[in-house]
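Put the complex together from the two separate chains, hints included.
Protein chains in written order, with my numbering: chain A, 28 to 566; chain B, 3 to 253.
Think of the hints as simulated: they come from the structure by calculation, not from any bench. Just to be clear, a hint being listed does not mean it is correct.
Heads up, simulated DSSO-like pairs for lysine-lysine below, C-alpha to C-alpha not over 30 Å straight-line [stated by the list, open to error]: (1) B/K11 x B/K178; (2) B/K11 x B/K74; (3) B/K130 x A/K190; (4) B/K134 x A/K190; (5) A/K190 x B/K178; (6) A/K190 x B/K11; (7) B/K134 x B/K178; (8) A/K190 x B/K74; (9) B/K130 x B/K178.
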Amino acid sequence: MARDRTIRLILGVAAALLLTGFLAGGFVVLAAGTDGELPLLAILTDPYLRGVTLFTLEQAALSTLLSVIGAIPLASALHRSRFPGRSVVLRIFLLPQALPVLVGALAIITVWGRNGVVADVGAFLGLPRFSIYGLSGILIAHVFFNLPLAARLMIAALDDVPKESWKLAGQLSFSPWTTFRLVEWPAIRTVLPAAASLIFMLCATSFTIVLVLGGGPGATTLEVAIYQTLRYEFDPGRAVALSLLQIGLTAIILTVANRLGGSDAGQFGLGGRATRWDRAGPIRRGYDAVVLILGLFFVLSPFVAIVLAGITADLWRLLSEAAVLDALFTSLWVAFTSGLLALFLSVLILLGVEALASAERRMTLTMPLPRRALEIAASLVLVVPPVVVGAGWFLGLREVTSVFSAAPYIVVLTNMAMAVPFAVRILGPGFAAAHNRYEKLADSLGMTGFRRFRLLDWPALRRPVGLAFALAIAISLGDLGAIALFGNREFTTLPYLLYQRMGSYRTDDAAGLALILGVVCLALIWFAERTSAIEAKAK
Amino acid sequence: MSDPRPALKLDQAVFARDDWSVTLDLELMPGEWLALIGPSGAGKSTLMDMVAGFLPLTSGSISIAEEDVSGKGPSERPLSIVFQDNNLFPHLTVFQNVALGIAPNRRVAPHERGRIENILDTVGLGGKGGRKPHELSGGERQRAALARAFLRRQPLLLLDEPFASLGPALRRDMMKTLRQLRSEFTETPLTILMVTHHPEDARSYADRVAFLDQGRIAHVGPVENMLGEAAPEDVRRYLGSQDHSRRLDAI
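Next comes chain B alone, as it looks inside the complex (with noise of 0.2 Å):
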């Protein structure tokens, strides 16, 4: 992490409210794919809401890209960011939601068109963009959030959980789906910082694994350190309690 030049950097970023905080320290160098992984409370989502602009700093700063966007709002960051629940308006239509990635407060112009279009093919999702999102499957609602994500074009991506409601074999296909949109749609080194609860997406994706524990990045570092034999004491035994999950994945 000698690079000078992070795509994404938490320095002694606190967020704190009553008796519970979260100091975080982070790097995350262009084109990196970090997996966050941590129990219930950790302090996972806080993070991502801290990254996004959704909760305020009370000291310490955030850079993206070299710039502090610790002061500025969520539309004001350059990121995009796919929930686990809840992306696309129900009452719009898919090619109207994902089309908000381009064109959020007008029409979209007839030149835009085609590359809605063409995103939606990618996704899997040709000729489904006149449905509305309860006609769609789970996993097909989340790839119409990550075609809006991808059509954002922004240097950094976080996904809070986006595939934990899905199936395993769904969730590999929507990684799928993720690795390949990331190659296809990006001109510059596309960033990822994923919440994960499977351990299995962090070893098949992710360049980096940070454990996340009691609101602090407890440890960080490639994916074989963090999840194979040598793994820190902690994060096997997290890891432990998500054995069974792991099993049922592999099954």
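If we strip away everything but chain A, and leave its shape as in the complex, we get (with noise of 0.2 Å):
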């Protein structure tokens, strides 16, 4: 037994390792090429860069703000109430996490741009055509991918809320407002931090949003300010320089989000399960139905703009067009095996988290210090900017190799530790409950290798195993972080194409593009949550 969690142990710590060696590499080899010289100070007195970082902390907590205030009314709204197709109007809310960004953000200048539908409605009022381009823009997107999470969580906690609650609520006659400040209030109070936290570092980190939208100095982040860096100015030490900033900066946030309570963001469940006895009265029922017709206009009207865009572009040119269909395909393959492997190593990890954890739970261990090591290792890349990894990686190979034949590789390996810490966020906790409930049992009847593996491990791994693979793809499908600094015209995948697209104004092909790849992610999560779901009924 104790051979058994020795090997499982060092598989885990080996793949941490790895990935670790992978983030840590391309930052070191990006810090060498600067012949030590870090303008660090020069870049904390600079004005510009000053107010990139104010400009990074302010629309990271006003997208926060707005998030988070959105998403009560629409939890409780979603949770209580009961009509037909509920089930679909709470899957439309699991949408946008399974949109690539650059496609939302493509689809939010279609309906909230000087000509979209908002403007032209606004217009109607006689109020002024606003820009989408710089904060407004920005906070709209962030809003849009960040509300629907904040939802998703707070329905989480209301599920979480024990039935004996519901029914006395029921019982008891509590009015609406009673129900709220008794029963749900006190649920959703318990993940404000943990989603106000994770949401922020999400926005304080955005790089995708910021780069479409963002209207040039006063409207950029941290993050593609060291793009910029790189990209346009190719100024390493400076990339560095503000590379640390923004680590130490996410460091901060992760830390503090730490304390303030983990978050289940990996989760990818519909939720709003919980069976409720509320008094339904016609002005609960109103406020219901404008709370849901709002937060569906401003999920869903996104998405219609991308099919209606992408349907009046020539799909059929497009799909017949050698660099698109090579573009897909590379996006294909990328996207497959940096799932993969996104999903190897997190199984690794977490056999040797669980190793530790066992040690833990039978005291031979007493410091929980390893375990979350192997854990902070897994999350690694939220602290660690992808395009200072790709980075240090393009310039390192570059005095080796060519660094056009090293780009996949680059591409595919940042891809897959973007992917990382989602997957071991959705497969760890069934992994964790497994190991406490049965390991013992496991333990006394001698299992180990891969028999213990295939009757222990598999099955808790087995359910969530589809849903982290399809969101590890949806993630390297939708990247415009490492292949913006890589791409070229040999390796090109989707996502680049349609930033391509969109810098030469070819706007149709941007829709008809957007519109494909929109379909690729959403097809693959919907049939990955499908699958789970029924999986989860069959059991």
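Pasting the structure below:
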């Protein structure tokens, strides 16, 4: 048994070291390319970069505030309302997470831009047309992606309320306000810190949205400034110094987030399954209907815009264009490879984490520090900007081989690293629960090696593994981080091609590509979610 | 059961879902205390949920005090309920939790405070009204839940294994408190429907016992008939499996 745990621990540590080595390696190479001159002081005193840092924090804080505040009435209305098609509505609020960020940003421009439907309605009402580029566009896009995420975390918290509380609320005839005050709010409040800190971090490190919707120097975040420094100025020293600033900032946010309580952000469930017996008067029904319609318009309109704009593009021509087909196949093989690697590393890391957790349970290990270190290694990419990692390897490999031939590997590995934290979050809880429950039984039966994996580990992984894989693929399919630096004529992915066509004002093509990319990602997640739901039901 | 005015009547009340259903016929007279026993999965909690309005009937009807409540929601049925767990909201004090029994959607009026203090004293929680539920023992939490149920002054009380997680001595104490509350805090005869896994409780306090098996009330009758030597065969088999815990109770 001890030998078995040692092997698992070695596998987990090896996977974590590989991942950390890849992430830190790029950074070290990039830092080495600066000849020891890091303009840290210059950066800290540079008024432009101070502005960039303040803007990074300001837009993240505003995005968080709007997402969380908007999510409270939405989560509450979604959780208590009962109407035909409710599960479809719940599914619609899952869509933004499956949508590539670039496609989402393009859709937001279509709906909220100067010529979009919102501006048209505003103009009809006599309001001036506002520019989507800059803070307002970034906020709308961040809220589009994060409000449903916050709502889902809150719905999960409401699902955790004991059924007796809902029964009491019904039996004691609580009014909607009393139900909110005594039952809903205490549950929602418990996830607020975790939801807010998670969204703050996602927005503070947001890259694609700011790249596309940022309006020049006044609306640039640190992550985009790093990219610009590498892509346009090619100043590794400044890029490293900026990265250090970014890493410091994200590390602080992550630490605060961890202190405020972890979150199940990686979970991808529908939620809202609790049975309730609220009093449903006409005012409450009307209020819920208004909240749901507004929420649906906000979340669904960009999807409608993608479809409408996409089908007006010449899809057949696009799909028969060699460049598009090349990009599609490149995207698919990059995504599948990085997804498989991400799954493999995640499972190995989880085996190591569980070996340490088991030692803690048996009191042979008194400190949770080694386990925490493994968990942190899996999430390291959240702190180290993928652009920096990619750039580091780009510079390092330039010395020994052709960058063009190395580009696919770096993009695959960077995408893999980006997916690992999500895969670990999806696979981890069930895996830990299974070990907690059956480990003693497996030990007492002397189960080891592959047999233990097949009978103890695999059943816990089997259901969420499809979802983790689909999400890993979707992350890679939609990524515009690493590819933004490495993309070239020979190596183009769909998001990169889409970004290029957007940049050259070929908007019809961009709309068509966005539709193709969006459909591929949504189909993947839908398939995984359905398979997972069917398996859960069969269980 | 020839009295034409039952406090609770289940008339071919059916709840069906997928390949599982319960079909119930039962009458309780005003002031009667009926203990519901039966193996796990027999449908005891489903019966309680049907009576309380938490589960919709597939067919049949349920009447409380001769009023058909089949189509009514939980808040419209004249009854109180005490669950096995989670009866108290953790962020409210004991006083606030109990006060929900008379003022769920408003502040407690000054003249109502005395009633609440009084019932807290009766259940042995005098001076503990300012505490949060996590500062109380399991037994004290259930006392608070009972206090709230009695404050509501409803003619029917549903007890869904409220003392199942308590030790034998504490459980007996709770049953005594329940009897005391019933005699001191009810003006009209209080009818009690109680799910229990402990035949001892049924023997000591109930008037009749109903034995539920596979979604139907297999037998119902006076305590001595149901739990004595002349108990039906399937009830005896069920009680036999309970014998061990009963002996433990006695110890």
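Evaluation of the provided hints:
no., hint, result
1, B/K11 x B/K178, "27 Å, holds"
2, B/K11 x B/K74, "15 Å, holds"
3, B/K130 x A/K190, "26 Å, holds"
4, B/K134 x A/K190, "20 Å, holds"
5, A/K190 x B/K178, "28 Å, holds"
6, A/K190 x B/K11, "26 Å, holds"
7, B/K134 x B/K178, "24 Å, holds"
8, A/K190 x B/K74, "19 Å, holds"
9, B/K130 x B/K178, "20 Å, holds"
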